[in-house]
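Each protein sequence line maps, in turn, to chains W and E. Going by the working numbering, the first sequence opens with residue 140, and the numbers climb by one from there. Going by the working numbering, the second sequence opens with residue 3, and the numbers climb by one from there.
Since the hints were made in silico from the structure, they are not lab data. Check the hints yourself; a few may be wrong.
Claimed, not checked - Listed below are the simulated DSSO-like cross-link pairs for lysine-lysine, each with C-alpha atoms no more than 27 Å apart in a straight line: (1) Lys103(E) to Lys116(E); (2) Lys264(E) to Lys106(E); (3) Lys116(E) to Lys264(E); (4) Lys264(E) to Lys103(E); (5) Lys12(E) to Lys146(W); (6) Lys146(W) to Lys106(E); (7) Lys325(W) to Lys116(E); (8) Lys106(E) to Lys116(E); (9) Lys103(E) to Lys325(W).
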Amino acid sequence: MATQNTKTLARLMMAPSVLLLLVWMIVPLAMTLWFSFQNYNLLDPSNVSFTGLFNYQFFYTDPAFFQSIWNTLVIVGGVLLITVIGGIAIALLLDQPIFGQGIVRILIISPFFVMPPVAALVWKNMIMNPSYGVFADISRFFGLRPIDWFAQYPLFSIVIIVAWQWLPFATLILLTALQSLDGEQKEAAEMDGANFFNRFVYLVLPHLARSITVVILIQTIFLLGVYAEILVTTNGGPGYASTNLAFLIYRTALLGYDVGGASAGGIIAVVLANIVAFFLMRAVGKNLDR
Amino acid sequence: MARNVTTRHKVTATAAAWIVALIIFFPILYTLITSIKTEPEAIAGFSLWPSGTFENYITVQTQRDYLKPFMNSVILSVGSTILALIIAIPSAWAMAFSPTKRTKDILMWMLSTKMMPAVAVLVPIYLMFRDFGLLDSRIGLTVMLTLINLPIVVWMLYTYFREIPGEILEASRMDGAGLWQEIVYVLTPMAVPGIASTLLLNIILAWNESFWTIRLSTTNAAPLTAFIASFSSPQGLFWAKLSAASTMAIAPILILGWFSQKQLVRGLTFGAVK
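From just these sequences and the hints, can you work out the full model?
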């Protein structure tokens with residue numbers, strides 16, 4: 140009876156958010172696409188002309204381009220590896236009966252709430268600084284030469300910092316999933332003589348599959364765009380050693396004033412994100428439709 | 003005998019868990035400790051015993067005007083979250099209570115807009131902000147944060163609203179409740195907890211957003227993310243002050259986060275993990 144009315148009302152209620160997101164998605168992206176075919180430098184804004192695919196060619200032949208793609212994948216892959224494996228291990232530990240579990244959980248979840256510039260600066264200065272950092276103190280204690288982390292292993296240092304920020308997230312989600320595992324099943328497996336390894340592989344891991352997928356999906360969205368951590372620590376260097384695609388585009392646009400080049404890079408970033416998203420959505424779709 | 007083993011197991015697990023927790027928490031703890039050291043102490047090598055000075059906090063306020071970026075962070079995160087809620091509540095409501103065949107697709111599409119790398123639209127957004135005079139303005143940044151968090155807000159609200167049972171509406175209608183009474187007395191009380199969790203989580207996300215806030219602000223609208231990032235150049239001698247500023251930047255959200263950790267999991271996984 141009132142269904143037609145309800146439907147219209149529902150559409151009206153959904154309209155603002157759908158329209159806003161539609162505009163938000165289409166307008167800037169269309170502009171990026173348009174700029175990517177233009178020769179447009181912010182220092183010489185009166186001289187804008189169509190250049191076809193020149194910007195793409197320019198970006199593609201820039202040696203920094205492949206390095207930045209590689210660095211992007213290293214950051215995403217490295218952080219995912221550390222956080223998923225570390226997260227499973229810590230979640231298994233916290234799933235045991237322990238004293239003061241509430242406080243332990245609070246301590247472990249804390250890094251997730253630390254804003255990226257703070258996390259990066261604290262690690263850069265207080266932990267990894269080659270003369271005064273805690274790591275240097277530890278090295279000297281063992282009679283070793285302190286490592287100059289950001290000069291010698293810039294990309295790895297950034298992976299460590301970002302992994303520290305995301306490890307709590309993975310741990311908390313995997314722990315929540317672990318706690319929903321049926322205790323009786325575990326006991327039954329134990330009674331049947333399954334050792335820890337077998338219980339983990341045949342019982343725990345399949346139960347965690349869905350949460351692991353969710354962790355990977357959500358982290359990947361954020362990890363593709365790691366920016367502030369690079370800005371305040373290495374500034375992309377030395378050379379391009381720690382420049383990811385996001386940082387390279389920022390560098391081209393706001394430090395090189397090259398609107399056309401940066402836009403071409405932006406389109407490439409969108410394509411890359413879509414390739415990753417395609418595989419992720421397929422994997423997640425399979426896992427979530429249960 | 004069996005009991006003895008269990009206790010031993012518990013003690014071992016406790017020790018291991020505390021060691022792991024303290025290692026993970028250490029950078030935050032050390033920042034807090036360094037913030038009450040003097041500058042020479044801060045670079046004098048590893049020490050967990052500060053002299054306990056509060057001078058750094060005062061210096062950060064008097065020399066760098068900490069209160070201004072702090073207020074900007076509050077205004078931007080709270081403002082953008084409330085704006086996003088106002089836009090998102092009706093649509094999440096409609097999706098949860100009168101779903102159509104396309105509801106799932108619309109939700110997935112909304113999530114996919116989060117997949118678009120922010121940096122890909124940096125150039126047009128920056129130029130638009132420049133042309134409209136929105137660079138370094140609170141209004142511009144609030145709109146920006148609203149847009150980037152809107153998909154997450156819709157999703158979270160949807161997963162909460164979906165759990166409100168439809169039968170309860172029918173029951174209240176049978177009892178003769180009008181639409182207005184239905185909304186005020188039946189639905190609102192059931193929806194408030196979900197809305198509150200969404201509010202809390204999105205304030206945290208907006209507070210820590212560090213791409214647009216750094217790139218689109220310089221001084222006037224700069225929140226704490228940009229304020230702290232501006233500390234990246236001076237090194238060595240300013241660690242105690244940096245630590246004090248950092249502590250003040252993360253403390254409010256850390257405490258808020260501790261209270262919201264129960265909602266965090268289902269909120270950030272869009273209800274996929276509970």
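Here is what the structure says about each hint:
1. Lys103(E) to Lys116(E): Given pair Lys103(E), Lys116(E) holds - Cα atoms ~22 Å apart, limit 27 Å.
2. Lys264(E) to Lys106(E): Holds, at about 26 Å.
3. Lys116(E) to Lys264(E): holds (24 Å)
4. Lys264(E) to Lys103(E): violated (32 Å)
5. Lys12(E) to Lys146(W): violated (57 Å)
6. Lys146(W) to Lys106(E): holds (16 Å)
7. Lys325(W) to Lys116(E): violated (38 Å)
8. Lys106(E) to Lys116(E): holds (16 Å)
9. Lys103(E) to Lys325(W): Distance of about 40 Å is beyond 27 Å: violated.
Violated hints for the displayed structure, listed by number in ascending order: 4, 5, 7, 9.
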